[in-house]
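*Asks:* For the record, the sequence lines run as chains A and B. Start counting the first sequence at 1; every next residue gets the next number (the numbering used here). Start counting the second sequence at 1001; every next residue gets the next number (the numbering used here).
If you are wondering where the hints come from, they were derived from the structure by calculation, not from laboratory data. Predicted model, so just to flag it, every value in this text is computed and none were measured. Warning: the hint list may mix true and false statements.
Beyond 10 angstroms from chain A on every Cβ pair, some chain B residues (computed) [to be verified]:
hint	residue
1	Lys1057
2	Thr1252
3	Ile1294
4	Arg1325
5	Ala1353
Mimicking SDA-like on lysine to any residue, the simulated pairs with C-alpha atoms at most 25 angstroms apart in a straight line are [said to hold, decoys possible]:
hint	chain 1	residue 1	chain 2	residue 2
6	A	Lys23	B	Val1390
7	B	Lys1327	A	Leu48
8	A	Lys23	B	Lys1361
9	A	Lys49	B	Met1032
10	A	Lys49	B	Ala1102
11	A	Lys49	B	Gly1332
12	A	Lys13	B	Pro1464
13	A	Lys23	B	Pro1139
14	A	Lys16	B	Arg1325
15	A	Lys13	B	Tyr1350
16	B	Lys1098	A	Pro24
17	A	Lys16	B	Val1390
18	B	Lys1439	B	Arg1325
We treat Cβ as the ideally placed atom computed from N, Cα and C, and that holds for glycine.
Residues per chain, in single letters:
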Amino acid sequence: MLGSQLSAEDIEKLGKSCGLDLKPGNGEPIASMLAAIGQGVYRNASALKQDTPLSVYFDAR
Amino acid sequence: MTDLSTAWKLDIAGAAQAISERSLSPVALTEMMLDRIATIDPKLLSYVTVTKEDALKSAAIAQGEIATGKYKSLLHGIPIAIKDIYDTAGVRTTACSKVRAAYVPESDGTVVRKFREAGAVILGKVTTHEFAFGFDSHPTKNAWNLDHIPSGSSGGSGAAIAAGLCFAATGSDTGGSIRAPAAANGIAGIKPTYGRVSKAGVAVLSWSLDHAGPMARTVRDLAILLKIMAGQDPLDPHTKDVPVPDYPAELTGDIRALRLGVPTNYFNEDVQPAVAEAVDKAIRHLVSLGAKAIPVAVRDLDGVLDCMLAIAMSEAAVYHQASLRAKPEMFGDETRLLLEAGELMPATTYINAQRIRTAVKASLKEALRNVDVLVTPTQPSTALKIGQSVSRIGEREESVFGVSAWFYAPFNLSGLPAASVPCGFSPESMPIGLQIVGKPFDETTVLKVADAFEHNTEWHLKHPSIAG
């Protein structure tokens, strides 16, 4: 659920630590977006069996 | 001789027949299309770059080849357009972004190369939402109403075809970007199975969700185009070694033995009444042609939008990682926001999204077990107005992203082939699309159902007033 509790300030600090020059004012919408997507994905993933694998298209042939 | 003033209304099959019978010349056809672009496109804004000299040169070469009996394909001498994320040798390929404003590829991408080898005449490059990451395709307008978006991201392709400014165009579809502008502009489009068409030389939005495919006025044209585009490509490791059928030859019009899966959930929830009515009528029409409608429940789709966004945003952020650090101000505000958010997406969210995808694939496989195709609305509403940020359908309020990706995302996540064909108009005269979804690598059945519907209806014969 990482991301769901981050504030705009947290996002700005995290962005800076990743070498990003976030556009001023983007901290809040990014925090909201990550919270919504993170919670939605977590909720649905929680319903999966623990050993459900990733869906990947890699073909080793 | 074919009347040149109305030749833009032909489909590829019709224009090819006229060319092969020498009643229409590729040069005259190309000049006519270039004149139409010069007259109509200042209002529609569907082209980024018009390659007039190259197009006339290609048309003259095609004309000479055909005159000496070297007829290459049904696409020989036919003017088409290329979405501006497909590399075109010597022609700038901007992805409608300042980041790539000066990018001129040295070589064609695989699909463009195949089209040139088939003898197509490339008129130019048409708009995309910046790097195909969105749905409004600014500044292009909807061909049916200039106050509405053409949808996207292949909005330039959809609007240009509908307005008769090319006979076909390439599209790409990460979360509906072929099917949405096809539905919104009243034309046909197909997102083939993941791995069916090479993406070599197409700018990446999301490696695991992107699909390249054709858009055109008729389903038969899609079949002609897909036959040329499809096939394994050593330059694209995602493509698969699966035989490519002769799609046009498979369009028999006979769908009597086919079973249509009609979802009883998700795809019938929160749909605009006019869309629901048009799709119900379309299904009844298919049944009247001999297909059997079978109700099916589709499980595990409620989380697909978050799942698709988590994957697309993370993968896009990786593709643009260097540019986002070197020149972030060159990205448009919306794209920059999505890429910045994608950079900060937790790995666990991305991995869980890829695990949910496994469940979505299994669910759709189960839904298709006893039927040949699924039929659904292409999108829950008609094209939104320019500047509209949210859409309300019944009790549900959705962002543009949400309303646009809602019915598309399951098939990008599963990689299943999905087409859209026109099936009606709203009371506001905006086009409505019918989505037909098939089993992996079974584009043939999808096209067969779409073609049978089209042959027995006249929605595809209607043209917007801007086309003249």
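*Asks:* Evaluate each hint against the coordinates.
*Replies:* For each hint, the structure was consulted:
1. Every C-beta of chain A lies more than 10 angstroms from that of B:Lys1057, the closest at about 39 angstroms, which supports listing it as non-interface.
2. With a least beta-carbon separation of about 32 angstroms from chain A, B:Thr1252 lies farther than 10 angstroms from that chain, consistent with its non-interface assignment.
3. Remark: the non-interface label on B:Ile1294 is consistent with the geometry, its nearest Cβ contact in chain A lying 27 angstroms away (cut-off 10 angstroms).
4. Distance check for B:Arg1325 against chain A: the nearest CB is about 6 angstroms away, which does not clear 10 angstroms, and the non-interface claim fails.
5. Distance to chain A contradicts B:Ala1353 as a non-interface residue, since its nearest Cβ pair spans about 5 angstroms, not more than 10 angstroms.
6. With a C-alpha separation of about 23 angstroms, the suggested pairing of A:Lys23 with B:Val1390 holds against the 25 angstroms cut-off.
7. For the suggested pair B:Lys1327 and A:Leu48, the alpha carbons sit about 40 angstroms apart, so the restraint of at most 25 angstroms is broken.
8. Taken as a hint, the A:Lys23 and B:Lys1361 pair is broken in the structure, with Cα atoms around 37 angstroms apart against an allowance of 25 angstroms.
9. Pair hint A:Lys49 plus B:Met1032 does not hold up; C-alpha atoms about 60 angstroms apart against a cutoff of 25 angstroms.
10. The suggested pairing of A:Lys49 with B:Ala1102 is violated, with an alpha-carbon distance near 49 angstroms, which exceeds 25 angstroms.
11. For the hint pairing A:Lys49 with B:Gly1332, the CA-to-CA distance comes to about 40 angstroms; that exceeds 25 angstroms, so the pair is violated.
12. For the suggested pair A:Lys13 and B:Pro1464, the alpha carbons sit about 51 angstroms apart, so the restraint of at most 25 angstroms is broken.
13. Distance restraint check for A:Lys23 and B:Pro1139: the Cα-Cα separation of roughly 23 angstroms lies within the 25 angstroms cut-off, and the hinted pair is therefore satisfied.
14. For the proposed pair A:Lys16 and B:Arg1325, the alpha carbon gap of about 11 angstroms is at most 25 angstroms, so the pair holds.
15. Of the supplied pair hints, the one linking A:Lys13 and B:Tyr1350 holds, its CA atoms being roughly 21 angstroms apart against a limit of 25 angstroms.
16. Only pairs whose Cα atoms come within 25 angstroms are accepted, and B:Lys1098 paired with A:Pro24 is accepted, the gap being roughly 20 angstroms.
17. At most 25 angstroms may separate the alpha-carbon atoms for a hinted pair to count; A:Lys16 and B:Val1390 exceed this at roughly 31 angstroms.
18. The hinted pair formed by B:Lys1439 and B:Arg1325 fails the criterion: a straight-line CA distance of about 41 angstroms is larger than 25 angstroms.
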